[in-house]
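Protein chains: 2
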Amino acid sequence: MTDALDVFVSAHSFREKDLRDKTVVMIDVLRASSTMVTALHHGAKGVIPVGNMDEAGKISRNLDSESFLMSGEKNGVKIDGYDLTNSPLEHAADVVTGKTVILNTTNGTKAIDRADHADKILVGSFLNLDAVVKHLQDEKNEIVLVCAGWRGRLSFEDLLCAGNIIYELCSGNLSNTAADGAKVAFGLYEKFADDIENSIMSSNYAERLEGIVSKDDISYCCQRNELQNLPALNKGIITSLDDTAN
Amino acid sequence: MTDALDVFVSAHSFREKDLRDKTVVMIDVLRASSTMVTALHHGAKGVIPVGNMDEAGKISRNLDSESFLMSGEKNGVKIDGYDLTNSPLEHAADVVTGKTVILNTTNGTKAIDRADHADKILVGSFLNLDAVVKHLQDEKNEIVLVCAGWRGRLSFEDLLCAGNIIYELCSGNLSNTAADGAKVAFGLYEKFADDIENSIMSSNYAERLEGIVSKDDISYCCQRNELQNLPALNKGIITSLDDTAN
Numbered sequence: 001m002t003d004a005l006d007v008f009v010s011a012h013s014f015r016e017k018d019l020r021d022k023t024v025v026m027i028d029v030l031r032a033s034s035t036m037v038t039a040l041h042h043g044a045k046g047v048i049p050v051g052n053m054d055e056a057g058k059i060s061r062n063l064d065s066e067s068f069l070m071s072g073e074k075n076g077v078k079i080d081g082y083d084l085t086n087s088p089l090e091h092a093a094d095v096v097t098g099k100t101v102i103l104n105t106t107n108g109t110k111a112i113d114r115a116d117h118a119d120k121i122l123v124g125s126f127l128n129l130d131a132v133v134k135h136l137q138d139e140k141n142e143i144v145l146v147c148a149g150w151r152g153r154l155s156f157e158d159l160l161c162a163g164n165i166i167y168e169l170c171s172g173n174l175s176n177t178a179a180d181g182a183k184v185a186f187g188l189y190e191k192f193a194d195d196i197e198n199s200i201m202s203s204n205y206a207e208r209l210e211g212i213v214s215k216d217d218i219s220y221c222c223q224r225n226e227l228q229n230l231p232a233l234n235k236g237i238i239t240s241l242d243d244t245a246n
Numbered sequence: 001m002t003d004a005l006d007v008f009v010s011a012h013s014f015r016e017k018d019l020r021d022k023t024v025v026m027i028d029v030l031r032a033s034s035t036m037v038t039a040l041h042h043g044a045k046g047v048i049p050v051g052n053m054d055e056a057g058k059i060s061r062n063l064d065s066e067s068f069l070m071s072g073e074k075n076g077v078k079i080d081g082y083d084l085t086n087s088p089l090e091h092a093a094d095v096v097t098g099k100t101v102i103l104n105t106t107n108g109t110k111a112i113d114r115a116d117h118a119d120k121i122l123v124g125s126f127l128n129l130d131a132v133v134k135h136l137q138d139e140k141n142e143i144v145l146v147c148a149g150w151r152g153r154l155s156f157e158d159l160l161c162a163g164n165i166i167y168e169l170c171s172g173n174l175s176n177t178a179a180d181g182a183k184v185a186f187g188l189y190e191k192f193a194d195d196i197e198n199s200i201m202s203s204n205y206a207e208r209l210e211g212i213v214s215k216d217d218i219s220y221c222c223q224r225n226e227l228q229n230l231p232a233l234n235k236g237i238i239t240s241l242d243d244t245a246n
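Heads up: the protein sequence lines correspond to chains A and B, in order. Note that UniProt numbering has the first sequence beginning at 1, numbered continuously upward. Note that UniProt numbering has the second sequence beginning at 1, numbered continuously upward.
No wet-lab data here; the hints were simulated from the structure. Bear in mind the structure is a predicted one, so any value in this text is a computation, not a measurement. Do not rely on the hints blindly, as some may be mistaken.
Put simply, identical chains are the same to the list, so a pair is met inside one copy or across any two.
[To be verified] Here are the computed lysine-lysine pairs in the DSSO-like style, where the Cα-Cα straight-line distance is at most 30 angstroms:
#: 1; residue 1: K74; residue 2: K191
#: 2; residue 1: K78; residue 2: K17
#: 3; residue 1: K134; residue 2: K191
#: 4; residue 1: K45; residue 2: K215
Please work from the sequences and hints to get the whole structure.
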């Protein structure tokens, strides 16, 4: 099945039509994907991904003020008037239950926007890796893992997570005829499988945001299979696929 | 020195300003880089990379008809009225000596065009790997290896070549603080170092063009350090850096 699977390393590294009718897994380990999975696990009604503050403002004006939370940060600091930063750890049950979270996330939103022609858009992270793999094992569509990356570049942690998904899907034996992107992600995972957290701690993301994003946040996002839900996009809102819909 | 080095996996995976004042090595193993290195080694006066037939036509109209050759193909077949395909093996000494080669190459040209703000643009391949590494060892600028990729996607063979260059530059010990792109390329090279030709033979490129591009062509492009010249772009024309200019 991994022959019908490709990996794109950033939101810029494909043509929109390359995703047509496919099942897309959007991966933004640090931290959009991890925060979405966490918020939904803890009872948020939905997550609306937005690319900037303007868009967040427009959406929030159409919602009852009690019904939503705004999450976002600029240079690692909570945006004035927002409820939360992008930290998954802030999206705890007592905060998010029953609320719609409007999540500001540049690279993650870009990846989702460019996946407009896809048949299905799912959200993957280390936290819900098993749920992603289980769903993909029965998938009939071609699969594309879209790493959010950073400003068009690849991000180590996203590609590593894509590699881990592929590794599980092919039980550690990737076909020689797999796509180039799948081979690269798989190889990266093989190399760093025993050292996920440390290797991510020395990634460009961690370095860029040292002293701004907490190590607890990063450690949390590196945990595998802590959460069992599988977020999916439906008319602009991300909610968990329930078991019957799987 | 590999801390001041990044890798971009395709011509789309960076912002043009990310290359400002840097030294860029453009890598399009199959086959633009390999053909440029080969043509110059065999005495071509220069190579002019163009992105399409129109551009090739415009440039050729300003040149004496005896002074140039047109190289290009569409779906693996030589373009009507052209002298050569993109095969490096056709760019032999008795054909190219003293001529300017106008080379049609979509992905390679895109990478070069987008590197307009760079301080220096060099051309790298397995064929001239040593020449690239030697030059970069003394480089004062920050270095970016730009893989041409294919339609925005990464290409296995380009990233593998980037990884090989990095491996040589850091003598097999990549710093923990290297850029994400450098880590990915380095890891890929470590995995496939002993199997370069076979792994490239099963890449997407080889698969896409099976029966069109000869295996001899691919084998040739996988040979390391066969040629010692280092092509560099100067006012739109690629020529070999001579030893004194190094």
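Query raised in the report: Which numbered hints turn out to be false for this structure?
Result: Going through the list in order, the structure violates hint 1 alone and respects the others.
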